[in-house]
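K.L.:
Please take these sequences and the hints and turn them into a complete structure.
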Amino acid sequence: MTAEIVVENVSFVYPDGTHALADVDLQIPRGHRIAIVGQNGSGKSTLVRHFNGLLRPTTGRILLDGLDTVGVHVAHLASRVGLAFQNPDRQIFAGRVKAEVAFGPRNIGMAQVEVEQAVYAALEAVGLTGQADTNPYDLGYSRRKLLALASVLAMRTPIVLLDEPTTGQDARGVARVQKIVSDLADTGRTVIGISHDMRFVAESFERVVVMRAGRIILDGTPSEVFARESWDALASTYLEPPLPARIGVRAGVGSTPTDALLVEALSQRKVAAS
Amino acid sequence: MSASTPAPRLSLRDVSYGYVGTSANVLQGIDLELAEGRIVGVVGPNEAGKSTLCLVAAGLAPLAIGGRLDGTVEQDGVDTRTLSAADLGQRVGILFQNPVTQLSGTSVTVYEEIAFGPRNLGLPLGEVATRVEWAADLVGVRDLLPRDPARLSGGQAQLVALGSVLALRPGTLVLDEPTSQLDPLGTRLVGDALADLAAETGTAILMVEHKTDLLARMADEVVVLVDGKIAKSGPAAEVLADPALPALGVEPPSDIRLRAALAEAGISFDASWGPALGVQAAVGARE
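Sequence order for the protein chains is A and B.
Numbering follows our numbering, in which position 244 of the first sequence is assigned residue number 244; successive positions increment by one, without gaps.
Numbering follows our numbering, in which position 236 of the second sequence is assigned residue number 1236; successive positions increment by one, without gaps.
Please keep in mind that the hints were generated in silico from the structure rather than gathered at the bench.
Beta carbons are placed, not taken as given, at the ideal position from N, Cα and C, and that holds for glycine.
Be careful, since some hints might not be right.
Unchecked claim - If you only want the chain B side, here are some residues facing chain A, beta carbon under 10 Å, derived: (1) I1065; (2) S1107; (3) L1145; (4) R1147; (5) D1242; (6) P1243; (7) P1246; (8) E1251.
Said to hold, decoys possible - Okay, the calculated beta carbon distance ranges per label pair: (9) B/R1142 / A/R56: 53 to 61 Å; (10) B/S1104 / A/K179: 51 to 59 Å; (11) B/G1126 / A/A175: 47 to 55 Å; (12) A/Q112 / B/G1021: 28 to 36 Å; (13) A/D138 / B/G1029: 18 to 26 Å.
Unchecked claim - Computed far set for chain A versus chain B, every beta-carbon distance over 12 Å: (14) R30; (15) I34; (16) S79; (17) F103; (18) A132; (19) D133; (20) P158; (21) K179; (22) G188; (23) E206; (24) D219; (25) E264.
P.N.:
Here you go:
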């Protein structure tokens, strides 16, 4: 079966001459949770902006459900792929929170009653139901990030792109974003997240794609990507494995990128030894 | 205060603040002191008033944005309400949470962007150039100097914004999540550069940060802000290890969290796996 998103030998050069992507090949099957990581300026945001047609490849092509995105109207792509920007202020413009969230669904032709349901569900998911009538700019940065996320959730797109969703969030905010990723996956949606938060990446995604200087240098499960043999490659793109992955290696129980995996591995060893 | 003791770089005494057009105060009864060369981290849940504290500490609230300020905010022993914007701007530099808010939007290159502040101080061109290169090296953006500031990635823009503030060489730095968009090693490098700056030049740093691993590595003290009030404050190692942090909406450092998870499963932490607080720093240094 063809993957939902296919990136074929894609390169991209910005108008100022910056080479942002070089020969990228990537296949993303429907319903997967994929994290894209890598140092600042490695091409992560540039790559995902190709998925919803904000950018078009300089060379190569992007296939969405087998169709080359070059021939697909942006309005159609918007109904398939939702993108929550890294900077919420690039996205927010309405005078009230609920109007902001309703804008997207309304513009992709959702019926009014469905728009209202979608807005309510999205605000509930991000914890902003109490702020429905607030001016978005009366919210702090962390809540504006959650609002931008709600605006994308309300569109109910099959593919959801989250660019640095945990930035500026406190512990509860991060937990909320983690639940949103897991709920989206439970309903069969494809979730693609960009993040520098390796704990979030290891706990919430089943596959991790690592970029450096516009190229993909690692691609695997969190246990594979954060295993000892990948550490040099990770360091070359300014990443480091989460703490439990390092402790796991040091304790001799292998690649354990989350607290839960490390606790489980050490518990099993303890049981086996007793 | 005796004549031989210098005034703290920044001092807030019983400070409350409310925005224009609102009746409730966002900050209430804040007491905080920042001495020369010290780094104080501020943590707390969303909407606790952390960014407002930055605006008040830097003197921008109420000077630039209005609002009601009660209590006293002093820079180098001088009440900020008596300082002009120009004078204030040379004593304290602020980095906003969103780097796009910080960039001037008028510069064609990153070099010009970082030079914008020093030029506006009326410094000779040679001094401006020295400061731009110094600041660019400090935050590791020398290779970005010819680039268009509008075409940077989020993390690169954040580094350039920080470099622009550092180039002003203020005695006090107020940083609102300075590493939020940086990659993990970039975060550590910026943290180390700021710690070196504080140690070598006596720059005092007030820094809002959700990354408690970073604060464990570089902060002298940590303040927990909840609902506009200081809920806890003290030496960084002590506050960050406080078991009450999660209930206050603050993520403990990785090693504290991991130890708690291991303890819950009845597994003792083996000393050979790493030292106590700051295990990340130690592991990183060795690998």
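K.L.:
Decide, hint by hint, whether the structure agrees.
P.N.:
Now for the hints, and whether the structure bears them out:
no.: 1; hint: I1065; in the structure: violated, 13 Å
no.: 2; hint: S1107; in the structure: violated, 14 Å
no.: 3; hint: L1145; in the structure: violated, 14 Å
no.: 4; hint: R1147; in the structure: holds, 7 Å
no.: 5; hint: D1242; in the structure: violated, 14 Å
no.: 6; hint: P1243; in the structure: violated, 14 Å
no.: 7; hint: P1246; in the structure: holds, 6 Å
no.: 8; hint: E1251; in the structure: holds, 4 Å
no.: 9; hint: B/R1142 / A/R56: 53 to 61 Å; in the structure: violated, 32 Å
no.: 10; hint: B/S1104 / A/K179: 51 to 59 Å; in the structure: violated, 39 Å
no.: 11; hint: B/G1126 / A/A175: 47 to 55 Å; in the structure: holds, 52 Å
no.: 12; hint: A/Q112 / B/G1021: 28 to 36 Å; in the structure: holds, 33 Å
no.: 13; hint: A/D138 / B/G1029: 18 to 26 Å; in the structure: holds, 24 Å
no.: 14; hint: R30; in the structure: holds, 28 Å
no.: 15; hint: I34; in the structure: holds, 18 Å
no.: 16; hint: S79; in the structure: holds, 26 Å
no.: 17; hint: F103; in the structure: holds, 21 Å
no.: 18; hint: A132; in the structure: holds, 16 Å
no.: 19; hint: D133; in the structure: holds, 16 Å
no.: 20; hint: P158; in the structure: holds, 26 Å
no.: 21; hint: K179; in the structure: holds, 16 Å
no.: 22; hint: G188; in the structure: holds, 30 Å
no.: 23; hint: E206; in the structure: holds, 21 Å
no.: 24; hint: D219; in the structure: holds, 18 Å
no.: 25; hint: E264; in the structure: violated, 8 Å
Violated hints, in rising order: 1, 2, 3, 5, 6, 9, 10, 25; the structure is consistent with all others.
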